[in-house]
Each structure stands twice: as C-alpha cells, then as structure tokens.
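Can you build the whole structure from these sequences, using the hints too?
Protein chains in written order, with the working numbering: chain A, 349 to 622; chain B, 3 to 334.
Honestly, the hints are just simulated from the structure, not real lab data. Positions of the beta carbon are idealized from the N, C-alpha and C atoms, including for glycine. Errors might be hidden in some of the hints.
To be verified - Quick list of the computed label-pair ranges, beta carbon to beta carbon:
| hint | chain 1 | residue 1 | chain 2 | residue 2 | range |
| --- | --- | --- | --- | --- | --- |
| 1 | B | ASP323 | A | GLY356 | 48 to 56 Å |
| 2 | B | LYS177 | A | TRP468 | 40 to 48 Å |
| 3 | B | PRO129 | A | HIS389 | 47 to 55 Å |
| 4 | B | ASP250 | A | PRO475 | 57 to 65 Å |
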Amino acid sequence: MRKRVLPGFGISLGYALAYLGLIVLLPLAALAWKASGIGLHGLFRLLESPRTLAALKLSFGGALLAALLNVFIGLLVAWALVRYRFPGRRLLDALIDLPFALPTAVAGIALTALYAPNGWLGRWVVPMGIQVAYAPLGVLLAMVFVGFPFVVRTLQPVLQSLERDVEEAAESLGATRRQTFLRVILPLLVPTLLTGFALALARAVGEYGSVIFIAGNIPMRSEIAPLLIVQKLEEFNYAGAAALGVVMLAFSFILLLLIAVLQRWSRRWAERAA
Amino acid sequence: MKIRSTLFAITGTLLAASAMARDVTLLNASYDPTRELYRAVNTAFAAQWKAQHGDTVTIQMSHGGSGKQARAVVDGLPADVITLALAYDIDAVADHGLLDKSWQQRLPDNSSPYTSTIVFLVRKGNPKGIHDWNDLIKPGVQVITPNPKTSGGARWNFLAAWGYALKQPGGNDAKAKAFVKTLFQHVPVLDTGARGATNTFAQRGIGDVLLAWENEALLARHEPDGDKFEIVVPSISILAEPPVAVVDKNVDARGTRQIAEAYLKFLYTPQAQEIEARNFYRPRSPTVAAEYAAQFPKVNTFTLAELFGTWRQTQAKFFADGGVFDQVGPGN
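Dropping the structure here:
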C-alpha cells in the first residue's frame, strides 16, 4: 500500500463500518426481519391491491415530479444567489434553509391553512377550479416545499467554484449564449443537479408529517404510501407495515442506484467536454 | 462561591424532603381529547391522596391516538394505567401479555367510568337542514369524519351510522352497508385523528357536518368562537364507552399497583364524576347525571354489545384488513 501523509486508515474505516452498521443497517435489517413475517404470498397480495398501488404511485410519482420541479427552480435560485449581488441577498440565502428547520407538521398545517377554500390563497384559486388543499396537487406542493433546500444547497458551492473565465473563454471562442449555457456550464452542473435531485426525491418519498395535513387522505386519490403503513400499524399488523416499508425501500434504492449510474456517466461526459 | 454554597443548600433540602414523604409518579397513557379532563382529575386525585396517605403523587400524561398509545405500551412505554378510546386497543395490549385478558370485568360498567356518544356539529343556523343520519346523504352535503382505520373516535362514528341504518324499519346488514357506503361518498377529507378532523371542519371551513364525540362537540361550542357552530343530536346514536385499565406488568414492576388501582377507582367517585361531567363526558353516576342533565341533550342510544358483540368481533368484521370498511370506505 502507498504511504499516506496522515495515518489511520484502519481505525477510520473500522469506525465508519461500525457506525454505518449500527445506525443504518441494523434498523433496516430489523425491518426486513419483521417484514419476512408475511411471506412471499403475502407480499404479492399486498402488491396486487389496487389501493397499495395507487398509494405507491402517488408517493413515487409525486416525489419524482417534485424533485424535477426543485431541480429547475433550485438551479435558478442558486444561480441568482451566487452570481448576482443585490440587497437582501443574505436574508434570502438564510431563508432557503427554513424548510429544513421547520417541523414538517407545522409546514403542512401552514400550507393547508393557506390553500384551504377559506385560506388566503385558497379563496382565490379554489373558485378558479384549482384545488390544492385536500387534493393530489397539495401532496406535490408539500413535497416541493420539503425538498427545495437540497438542490440549492448542493449547487451553491459548485457554482461558486465555477470560474467566470470559462464563460468568457467560450464567448471569445465564438459560442452563443445558448451554446455557452447548454454545452459549457450545464455539463459541469449535471452531476450536482443529479445529487440534488436524488436528495430531494428521497426526502419527498418518505415525507409524512407535512403531506398528511394537506392531502385529504382519500384512498385511491390522495393517500400516500407512508399513511398506509401507519394504518397497518393501527391494525397491529406489524408484518404488513414492515413489508410495505421494505417495498418502498426497494423502490427508493433502485431509483437512487439509477441516479448514481446516471451521475457517473454524466461526470465522465463532463470531463470529456472539459 | 456564594452561588455554589446556595446550590448545595438547595440540593440538601431537596434530598431531605424526598427522604421524608414518599414521591410517587404514575404514567397515564390516554387518547387525544382527554387532555383537559385528566388535568382536572389528576389535581383532585393528588390532593386526596396527599390528604389520606401523605405521599405526593405526580401523574404524568401521555396523549395520542388511541391505537398509537396502545402500541407504545406494547412496545415498552411504562404506563401504569391506560385510559383509551375503545376496548379493542386495551385488548391488544392484553394480547401481548401486559395485563389480564379479563381486564374489562375488574371495574364497574365495563371499566368505563364515563361515556359519550356521537353527535353532529353543523354550521350556525344549520343551513343544510341536518337533523338525522339520513340527512347526511342528501345531495350536496359534505361530511367530515376521521379515518376509522387510524382513529378510535371514527370507529364509533362508523358504528353509530351503521346502527342507525340497521334500526330503521326493515333494516338489515346489506341495507346498513349500502347506507354507510353512500355516507362515505360524502366525505371529502379523511383526517387521521379526531382533533385533526375538528380542525378541518372548524378552522379550514371544510364540510357541512362534523361527526364528533359529544364531549369534543360540547368543548368546541364552549370555545371563544363556538357560536359559529350548533350541535345536532340524531334520533339514535351509539353509547361510546371509553375504558380504563391498570397495566399489570408495569405496576408490578414499579410497585405502584395500589395507587394505580386507587386512581382508577377514584374516577367512579362523586367528586371525579362531577369533574368528568364538567369536561363534557357523561357521568355514570345517576345523581351527578341528574345534576348535569341540562348540559347533555337526551339521546336514544344503543350499546356495542347490543348490536355488534365484543370489540374483538367488531374489529375483525368491520375494520380489519379487507373488512367492511375497506369495502365501503371512500375510493370504492
């Protein structure tokens, strides 16, 4: 092995593995063990139920859409915060983290109060036929809210380290503004955008507190998968609840794995472009 | 230095004081709407116990959805007593060996010191003209109830509606099922708990009728903006019996059996029955009930045992996975 400047490979790896095992793997193993109680047949029955499928579709579909929206809005916000100097910039920057700090139930109640038919915004949009609170749109809104900081916060340092000379060089070599953005800047940002996307997605899939208040929770329409888990617990059906948890975990894992593959691929693409 | 010596003095005094009189703490795991009730009961019980035994009792409360509380106790919450929304949740704790399965026979009146029923809360002036259960399924009426899967109170709502349909002339299970199915088509939001549903109805302005515990409805009427609502008593409703029990395993481990049992027996005394009535629970004691008769409208009620049998049977038939509620609830 090559000699390193700082020693401690063995001990740091040891700690890393022990910690990961204790904090992440042990609870997940317990979950899988509980879930094994319903057996393969039970698992298929669970996945056949139209209600489970509708809830999974809403949870994952909503989370994917919310993460996508956050990538676009987040890129815009991060760009504005990093590239421009304007009064109130620091305040705006501090506001970004609020969805992290706010208890999610508070966020859910606030959004519901705002968009309910008698709320400040609801009283205008509901007569126009746009129902946000107690509808799938509300689920999406809550998911966008909780996932928003991830994209901005992952992008900011990368944008900061992106030298302006790169754009100037592109311009002096005759690239149009559009070409500069699409072919020079964007490729450098894609790996980070994907990280932000993955974080926002993961957060939205597991979100319970804020969504539950705004969703309306009508089966087949606005019922998220984590609520089905809570309902199974209410029936003291621990195995069923754990099984649905494992299904969600498996889906999330596949999605995150796909994103990681995309990221590797885009990084190589960015390096080749540079 | 001065601060440190003062601290020593305070610590010393506290230690000496605790050595003389025994300090006992009890944990009561209860469901959501009982906050105000048990705050008042606990103060009264602590005063009485202090006067009779000299010990200082502190009763800590844990509130949450009834089923969630039962699960917490099963998972190790060291509650000395559980005071929940329905007997099935205590049965579930008993199934895990934490208390005797015959717990419901240990105290009078099915171990329910107070009762309640299910009534309608409507908006001021009753604009939709809601007077009975069949008015809830009129076109354009929206009904707010929590989800029976996650809320004990909502299970009483469901059974009250079912019982109404069953008791109509020519009523049978099929007709009751059809009635409840139509009723749930009028439900636009399913909150997970009773307080959430009350908020949706009262604060968010959703729906025309809230199906509610009578104690919650009376409490809402006595809030500052309570005159925005009216209570409508249907022709018939269910007698909801929220039960209480000592958790054998926990009190034996903590040595608190004597005081925990005294605490639950206290709930049946005239003093506690008064407190319960003042907090809008119907007292079992006929004398206290007569005293507060003006507060509680006359309701024609049926019990769970009369129409449905035990809570175990009811849960299995109606609310278990794939049960009646899964067949008739919203989304079907």
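Can you give the numbers of the hints that this structure goes against, from lowest to highest? The structure conflicts with no hint, since it agrees with every one listed earlier.
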